[in-house]
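**Q** Taking the hints into account, I'd like the entire structure generated from these sequences.
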Amino acid sequence: MSTHEVASAPVAEHHTSTGLDNTKLAMWAFLGSECLFFGSFITTYLLYRNRVLDGPTPHEIYDIPFTSVSSFILLMSSLTMVLALAAIQRGDHKTMRVWLACTALLGMAFIGGQVYEFTTFVEEGLKISTSVFGSSFFVLTGFHGAHVTVGIFMLLALVGMSMSGRLGDRHEGARKVELIGLYWHFVDIVWIVIFTVIYLIPTN
Amino acid sequence: MSHAVDSRESEEQDHHPQPGQYIKVAIILAVVTALEVAIYYVDALRDVLVPLLLAFAVIKFIMVALWFMHLRFDSRMFRRFFVTGIVLALVVFGIVLWIFFTHLGGPAPTAA
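In order, the protein sequence lines correspond to chains A and B. Numbering (the working numbering) for the first sequence: 1 to 204. Numbering (the working numbering) for the second sequence: 205 to 316.
Derived from the structure by calculation, the hints contain no laboratory data. Just to be clear, a hint being listed does not mean it is correct.
What the hints assert, rightly or not - If you want a taste of the chain A side facing chain B, the calculated C-beta under 7 Å gives, among others:
1. L83
2. I180
3. L182
4. I192
5. T196
To be verified - So the derived list for chain A, only partly shown, Cβ under 8 Å to chain B, looks like this:
6. A29
7. F41
8. L47
9. A86
10. T95
11. D188
We put the beta carbon where it would ideally sit given N, CA and C, even for glycine.
**A** Structure representation (structure tokens):
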């Protein structure tokens, strides 16, 4: 194949030896690496959560009912995300935009809850520099919150692209929504682990 | 070849669950989350709390990965990439725990 032919190929990224979409494969490789990223922070937290020489302990400071509601909100955002994907797979852009906007709003509600939680913790004497427990907690949950925030921006970008007609046809649009959806669901399953391991499992 | 890939992707999309199935999965996830929080407050389950909570978390994790992320329906290649990351993370966790407790004496106790 000549250079000219490669440059002009409309769907060059689909010519793969695996027969799979390279962007989707790259997303899964990225998510696999993210498992190591979050696994390291969760490991660090588990090792240091009992190191509290100053300030409140995890048992004293966690508000389980509040965090449970936040977790439920993030879990339901995964439902609205797949409903958006189902809509674009039917070619229904309007319904897709509604579900994507719902997903972004639920994500914002989750982030709002996290900001409230962090503020409360700081007021109660737990800062990132208070103890090793505080450092490992804020770094882990803060990085997760940053991932959710990036996800919200990507969801809003999808809505904007759809409204301006730049999302592509039904097939191309579904591919883009599915990629962002994979990222969003990953953020959700990381929180499933964080909620159980960090908040619910009692410390010594 | 492009058409072959498009065709395969279309087949995968055809096998994706319908909205009704997604809603059923979400209801199960909500119920499991409610159970998780409920057993947290049951003193009688203190001895089995950690295994129960981990089991519920694994159920939720697998359900989201299989149905919402479509690992149940998509190519096995995607599943391998993801599982490799999880296994590596668990190995790293195991190695760090081993080093921490066998060479460094484990974490210091809470002062309070």
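**Q** Determine for every hint whether it applies to the structure shown.
**A** How the hints compare with the structure:
Nearest Cβ of chain B to the Cβ of L83 of chain A: about 6 Å, under the 7 Å cut. The hint holds. Among the interface hints, the one on I180 of chain A is violated; its C-beta lies about 12 Å from the nearest C-beta in chain B, farther than the 7 Å criterion. A hinted interface residue such as L182 of chain A counts as satisfied when its beta carbon comes closer than 7 Å to some beta carbon of chain B; here the least separation is about 6 Å, so the hint holds. Interface restraint check: I192 of chain A against chain B, minimum CB-CB distance 5 Å, threshold 7 Å, status holds.
Interface restraint check: T196 of chain A against chain B, minimum CB-CB distance 4 Å, threshold 7 Å, status holds. Using the Cβ-Cβ criterion of 8 Å, the hint placing A29 of chain A at the interface with chain B is satisfied: the shortest such distance is roughly 5 Å. Hint status for F41 of chain A relative to chain B: violated, with the closest Cβ pair at about 10 Å, above 8 Å. Look at L47 of chain A: its Cβ gets to within about 6 Å of chain B, closer than 8 Å, so that hint holds up.
Contact between A86 of chain A and chain B, as hinted, is supported at the beta carbon level, the nearest pair being about 5 Å apart and thus within 8 Å. Evaluation of the T95 of chain A hint against chain B yields a violated restraint, the C-beta minimum of about 10 Å exceeding 8 Å. Because the closest C-beta pair between D188 of chain A and chain B is about 6 Å apart, less than 8 Å, the hint holds.
Going through the hint list in order, the structure does not satisfy hints 2, 7, 10.
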